[in-house]
Every structure is written in structure tokens, then in C-alpha cells.
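*Asks:* Listed below are the residues making up each chain.
Protein chains: 2
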Amino acid sequence: MNLRIPGPTPLPPQVQQALGQDMISHRGAEFAALLDEVTRQLRRFLQTKGDVFVLTGSGTGGLEAALVNVLSPGDCVLAVSCGVFGQRFADIARAFGANVQQLDFPWGQALNADAVGQALRRYPDTRVLLTTHNETSTGVLNDLAPLASVLRSLGTSRPLWLVDAVSSLGAVELPMDKWGCDLVISASQKAWMAPPGLAFIGVSARAWEFGAQARCPRFYWDLDSVRRYAAKGQTPFTPAVSTLYALRASLASMAEEGLPAIVVRHHRLAEHLRAGLKALGLRLFAGEAVASPTVTATYVPHEMLATVVQQRLVVEHGVVVATGQGALKEKLLRIAHMGYCSMEDVDHMLKALRSVLQQ
Amino acid sequence: MNLRIPGPTPLPPQVQQALGQDMISHRGAEFAALLDEVTRQLRRFLQTKGDVFVLTGSGTGGLEAALVNVLSPGDCVLAVSCGVFGQRFADIARAFGANVQQLDFPWGQALNADAVGQALRRYPDTRVLLTTHNETSTGVLNDLAPLASVLRSLGTSRPLWLVDAVSSLGAVELPMDKWGCDLVISASQKAWMAPPGLAFIGVSARAWEFGAQARCPRFYWDLDSVRRYAAKGQTPFTPAVSTLYALRASLASMAEEGLPAIVVRHHRLAEHLRAGLKALGLRLFAGEAVASPTVTATYVPHEMLATVVQQRLVVEHGVVVATGQGALKEKLLRIAHMGYCSMEDVDHMLKALRSVLQQ
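From first to last, the protein sequence lines stand for chains V and D.
All residue numbers for the first sequence refer to the numbering used here, where the first residue is 1350 and numbers rise by one.
All residue numbers for the second sequence refer to the numbering used here, where the first residue is 1350 and numbers rise by one.
Please keep in mind that the hints were generated in silico from the structure rather than gathered at the bench.
Computed from a prediction, not measured in an experiment: that's the story for all the values here.
Treat identical chains as interchangeable: a pair holds within one or across any two.
Below, simulated SDA-like cross-link-like pairs (lysine to any residue); rule was C-alpha separation at most 20 Å, straight line: (1) K1581 x G1675; (2) K1680 x R1376; (3) K1678 x R1376; (4) K1680 x L1699; (5) K1398 x A1497.
Given these sequences and hints, build the entire structure.
*Replies:* This is the structure:
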């Protein structure tokens, strides 16, 4: 199978092999070394000198963890959304009692940093800002550098900045410290080439300050206890050890390739796929300037249903893609090129799509 | 290594092998079949016709999920505790704003069903009752059959009954429907012989009724959405697919052995270990009548420190055990015999311990 959905992504052979290692105690020296190795590597990819933790749960669990550790019920939150996952981040904040103002950008477009700045001036009580780095539902990468400047210009009155980087980090530059992001969340099954089941969270010093006042109820996701246990090479609760084995192996491969080369590879994959889709006469959903390096959304020809194309790609060619979400379910295909993906994988995908479209 | 800690437990070879299978889409037919197979098997081991769900998280995540789906802040909870994990269950309920009365039994002893009944009469507003089936910190199995009778005698005024079966289920009988348990929680890395990262939760019809009124904030652990997605063979968020592969393999082995044979094997392992420890002149922590079939706690000779014995067992014999918890850290060893464990494993452990004690 050529698994081209935006997560879980395919596992390289060395990662598949690493999964089957013997179980160990999560309270022993061997585990401490595993956690330390994984954490050190993650810290390099997040480009932070701050804390990075591994949580046992999905990416959505990581988003919830970020929120409940810095929010109190009633807190004013500005949620910037341009798709399903921006909406989800806002919904979690609402579920925990935050007073959420939502700033929506049209699906297929990126956020506008100046508009976010204006909204922050309109809602001066905003304590927490939610943004999505890469919107998986539309294939849009939000360039966060301009937003970082806008926030920097607000000085100490700037809100705490939470970044959903679930489907970007590890494939795209996100210099957390340089940009001043406060909580950055990712998940193992995306660009990290590991199985699902682990979320990662980078935590700035400022996030800890906000956290000290946060009254949202929390136990499993409590980062204070995660930090206490991390200091002794442990996690508060039994972690997903086998998935950590896999992650160690994939991080070793990623470190060998190096972040700059990984970033270039993803850009090339995206460009190659976009050119190929256009050559098939398809209309792309996101504009060139905001196109995601990890996932591409394309319209199917208007006389076709996306789910039918999806089904034929699987059955006839062993290519697995996602369709659009929500109202775009039958209009879009979403094709991922993140993590363990080569030009040959993209070519195989394009060839399969051509065959389906031609019949 | 002879891994004899009370979870994570050793993985059988077929489970290790299953882990490395190719990644698949969590929104496709193959995943639906995987989830269905695992769920059907789990339902048999929980002996329930009700719902059983798999959550991506640790056992503690499963306990939190159970609580936040049935509680509202201020709800009266009676938490019965005889060790660390009973205490944890109570602490999670407190973290989410419940009004918790705690009924403590001494460590090393089991709960007394009549005393629980008296406490329920003393606190007639109790909405939710928390109990631990197998207390991992002391090696005590609470016989829940008498408590089931006590609760039945209360009729419709009985509280909702939550059972932490993290370290018992899959090795011990827990007929959920027959006993009238409302929420039963377990986790993959215990008797289930799979890696950590999945929690299981059985949900009674009555639990759904209580849940409809529960106002605790929840998103990641929301069982309503888990139920909606389960109906189409999916999970709301990306599940730990590789761990589910492992679980399917271990459940297949368990189904082949059969629950009655598994229960007998665990009793024999526990008896054999207890006899062996007594033959070494060691004093056992829990009495014969309440001794756990999955984990045994034994005092070390009073001139020794448990952590030193533990360290020597690892270094000199490759046997990994746990020590006591809290005030008992240096007094107790805790030795697990759950899941993938044979008489030979127990004998090897006893031989190693004899060697360490004799030097």
C-alpha cells in the first residue's frame, strides 16, 4: 500500500523493527535513557531551549493538555481558524469553559497576521491565542513569522501563544524560541514517521508562569507532574514504551538527514505533486503562496465524487488518500507527503490518479 | 531479562511481531475490522453485553475518562481505597471538583463490603462509588462479589459503581454485567500482554444515563463521541494503531487459552510464588485470603533495603521487580506474575532472589 493520508504516515523499516523490542520497566535506567534521547532530539526539532515533553495520547490529547494547563474557566481566548483543526482547537477551549472569540479565515486561505493583531486590539482581554501552523483539512501552511512580529510588538501585554503544529513540525521550520511560541504541540504519526499514540509539547518559561494561575481541572494531562517526573527520567503514568522505541529510531533517521534537508525534501515533494496534479488538469485548493509542504488538497473533476476516486485508488492501485472534510468531503482529495515519503511515492500516486481519472 | 514488574509486562513473540505491521488508515475498512475484533474479544473478557471502548492513553487516562463522563463538580463520591491506586482514583475525582469521602482500609488488607454498605448509608447523597479490583501497590485482590450483593440490596438508590480493574482484568474473573459494575477500566500493558498506550473501558446502560447529566468538562475523553465513532468502526482521534495490532495478537492467544484456564494459571503462579517466598523465610505482605493472583508483595529481611535487593536482582540475575510504594518503598518487593508468565519465570525469579538473599 502507498499510504498517502495525512497521518498516520508510513513507517520506515527500521521504525517497524524498533517497535518489537523487548518491554522494559518504565521506572528504570534504560527507560530514562530512552526518554532522554527522544526528548533531546525533539528539542532540536522544536529549536527550543525550553521544556519538551512526550505525552501518551493522540495529537488532540496534546492540544487538550496545552489548554488545560494554562486556562481557567472564563478566560478570554482568541482562536484563529482556517479549517477543521483550527475549529477543533477552539472547541476544546470552549469545552473547558473558556470565553472564546473566533477569527475565521476562509478554508483554503491562510491567516493574516495583521488581522490577528487587529482582533487582539479589539479583544484586549485576550489571555490566550490559538493558532494552527499547518491546517491538515485544507493543505494550508500558516506562515507564523509575521504573526510572531505582530505579537512581539505587543510587548508584555501579548497573550500566551499556543501553536498546533501537529502536521507540520518535523517537516517544516518552527523555531519556537525565536518566534516566541509558548506551547507547541505535535504528534508521533505525522512527519515523525512513528506510529500514533504519542503527543509532544514544547513549553516556554512564560507558559509555566501562566500555568501557575490556571484553574482548569487536570490530572492525566497535568504538566507540573510531567515535569517533576521528567526530572528523574520518568513519566507520571505508564508511557507508550514501544512507540517510544519507534520514535527513537525515526528521530535517529531524521537527525541523520538533518532538518534543513528534511525541509527541502518536503518542499520538493509538495511542488512535484502540485505540478503533477495540475498536469492532470486538476484545480488545487490552496494557492501557491500558502500551500502546505506536508499535505496537498486538490479538487476532483466536478463530475466525480471524491469518495469514489478515493475508493478506486485503493482498490485498483493500492494508494490510500483522504477526501475533503465537512462540506468539501466529495469535492477534495487530500494527499499527504510528510515523513517517510519519496518522489517515487508521489509519482506512483500521480500515475494511479491519472489512471482512475482517465477511465 | 525476566521482567516481573506489575506492568508493563513482557510481550510474547507473536505480539512483538504484530507490532511491526504496516501502518494503515484509521478511517478505512481494515481499521474497522481491527477495532471490531479487539472490541469483541474485550467484551468477552469483561463478560458484558454493554459497550466496551479502547482509548489511546494509559490506565490512569482510562480512570480519568470514567470519572469525567459521569461526574459534575460538587457530586458526592465515596472512594474506597486500600493503597496507592485507590488513592489515585480518589485524587482524580477531587481534581475534577467532586466532593469525595474516602473510606480507607489498611494497606495489605482488602475492602470490607459491609463497611462500604455502612458508609453508603452514612453518606446517602453518594452518587458515585469508586473501588479498586486489584490493588497493585499492595498485592491485594478485593473480592467484589460481596460488594455487588450489598449494592444490589440498595436497589435504584445505589450509586454508580466504578471499578479500577487495570491490573486484574484479563487474569481474574470480573463478570461486569452479573455484578452490576457500571464502568470498568483496564489497560493494555497488564494481564493483556500488550505494550502500554491503550486503556479499555466497559460502560453499562446506567453509566450512560448518569453521563447524560455529567457536567465535568471533557473533550479528548468524551465517551459520547467515542460511541458515535465506534458505530462506524472508528475512533474520534487517531488511535494507537500499532498497539492495537499487538493487542489483537495477544487477545487471540488469550482466547485460545480461554479465560477459565487463564484464571487458573494465574492462581497457580501466585500460589507457587508465595510458597517459594515463604520457603526463603520471607514474610508476605497480604494475607492468603486476599492475595492477588497477578502481583505479590513480600517483605525483604529487615536488615536489607528493598532497593538494594531490587538492584542486585537486575544486575546479577536480569530479574526486574518493583519495590514497595510510599512508606513501604524500602520494605517490600512487588513481583508480578500477570500476562505472559510461566512457572519457569517464577522459578527463575525465586532462584535469583535466593542467591541475592544468601550472599
